[in-house]
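*Asks:* Chain residues, written in single-letter form:
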Amino acid sequence: DQQVKQNSPSLSVQEGRISILNCDYTNSMFDYFLWYKKYPAEGPTFLISISSIKDKNEDGRFTVFLNKSAKHLSLHIVPSQPGDSAVYFCAELAGGTSYGKLTFGQGTILTVHP
Amino acid sequence: KAGVTQTPRYLIKTRGQQVTLSCSPISGHRSVSWYQQTPGQGLQFLFEYFSETQRNKGNFPGRFSGRQFSNSRSEMNVSTLELGDSALYLCASSRQGVTEAFFGQGTRLTVV
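Heads up: the sequence lines are chains A and B, in that order. Note that our numbering has the first sequence beginning at 1, numbered continuously upward. Note that our numbering has the second sequence beginning at 1001, numbered continuously upward.
Worth flagging that the hints you see were computed from the coordinates, not collected in a lab. One or more of the hints may lead you astray.
[Claimed, not checked] Non-contacting residues of chain B with respect to chain A, defined by C-beta distances greater than 12 Å in every case (computed):
#, residue
1, 1006
2, 1018
3, 1022
4, 1027
5, 1063
6, 1064
7, 1065
8, 1067
9, 1069
10, 1073
11, 1080
12, 1082
13, 1083
14, 1093
[Unchecked claim] A few chain A residues that don't get close to chain B, going by computed Cβ distances all over 12 Å:
#, residue
15, 8
16, 15
17, 20
18, 31
19, 67
20, 76
21, 82
22, 91
23, 93
[To be verified] Quick look at which bits of chain B chain A covers, simulated, 3 or more residues with Cβ under 8 Å:
#, region
24, 1029 to 1042
25, 1052 to 1061
26, 1100 to 1108
Remember, predicted model here, so these are calculated numbers, not experimental data. Just so you know, even glycine gets a beta-carbon here, dropped at the ideal spot from N, CA and C.
All chains, please: the whole structure from these sequences, using the hints.
*Replies:* As structure tokens, this is what we get:
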């Protein structure tokens, strides 16, 4: 069964520093990994994605790195801002006939202190 | 460009009742997926529709069903509600179901 794991339940960072959020996966046959940011009682907000053929993708303050040999990806936020405080989920979009099915990690609570 | 719209935002229902939730996808998006979020289970996939056809289904009982209309709007229905169905129900849309998905604000269902 596909598994996506975010082993750190929480992360605390000072404003202006780098936040690094990590995710491990088991399924090698995926199309994309996506990162979402979520506030309580709201829907996840799409941040950035990376396809299986890349090892890095950047969008402004957000960079995602993919290490396929280690089955590991990470989201870097630089510089971190207090408004970044939220729950961050990584999600796998598998290929083949797994239409529309995102498999989510458990989430990491990021707190950015002023 | 309008985002994904879910209605209603909040619902309170009694055990045994049924409920219908609605989702309007982003214009041009033909794939609509539904998810359930609970504190214990996290975000779990319910089902996905594309061009009025269910293409994928998660591991939920038959009480959970859905449909999609020709304008890509989707509804999900939960029959014979149980206390454990209390959750945030999220709808996501994407162009084909194999690219980035964008979520609505969700419907908070409370079963009492």
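*Asks:* With reference to the structure, classify each hint as holding or not holding.
*Replies:* Results for each hint:
1. 1006: The assertion about residue 1006 of chain B is violated, with a minimum of 8 Å to chain A.
2. 1018: holds, 23 Å
3. 1022: Its Cβ never comes within 12 Å of chain A, the nearest being 14 Å, so this holds.
4. 1027: holds, 17 Å
5. 1063: holds, 20 Å
6. 1064: For residue 1064 of chain B, whose nearest Cβ neighbour in chain A is about 15 Å away, the distance exceeds 12 Å, so it holds.
7. 1065: The claim holds: residue 1065 of chain B sits with its nearest Cβ about 16 Å from chain A, beyond 12 Å.
8. 1067: It holds; residue 1067 of chain B is separated from chain A by about 15 Å at its closest Cβ, greater than 12 Å.
9. 1069: Consistent with the label, residue 1069 of chain B stays out of reach of chain A, its closest Cβ about 17 Å off (over 12 Å).
10. 1073: Since the minimum Cβ distance to chain A is about 16 Å, residue 1073 of chain B lies beyond 12 Å and the statement holds.
11. 1080: holds, 25 Å
12. 1082: holds, 21 Å
13. 1083: holds, 19 Å
14. 1093: The claim breaks: residue 1093 of chain B does not keep its Cβ more than 12 Å from every Cβ of chain A (closest is about 9 Å).
15. 8: holds, 15 Å
16. 15: At about 27 Å from chain B, residue 15 of chain A clears the 12 Å cut-off, so the statement holds.
17. 20: Residue 20 of chain A is indeed farther than 12 Å from all Cβ atoms of chain B, at 21 Å.
18. 31: Residue 31 of chain A is in fact no farther than 12 Å from some Cβ atom of chain B, at 6 Å.
19. 67: holds, 21 Å
20. 76: holds, 19 Å
21. 82: It holds; residue 82 of chain A is separated from chain B by about 22 Å at its closest Cβ, greater than 12 Å.
22. 91: At about 8 Å from chain B, residue 91 of chain A fails to clear the 12 Å cut-off, so the statement is violated.
23. 93: Nearest chain B Cβ is 7 Å from residue 93 of chain A, so the label is violated.
24. 1029 to 1042: holds (count 5)
25. 1052 to 1061: holds (count 3)
26. 1100 to 1108: holds (count 8)
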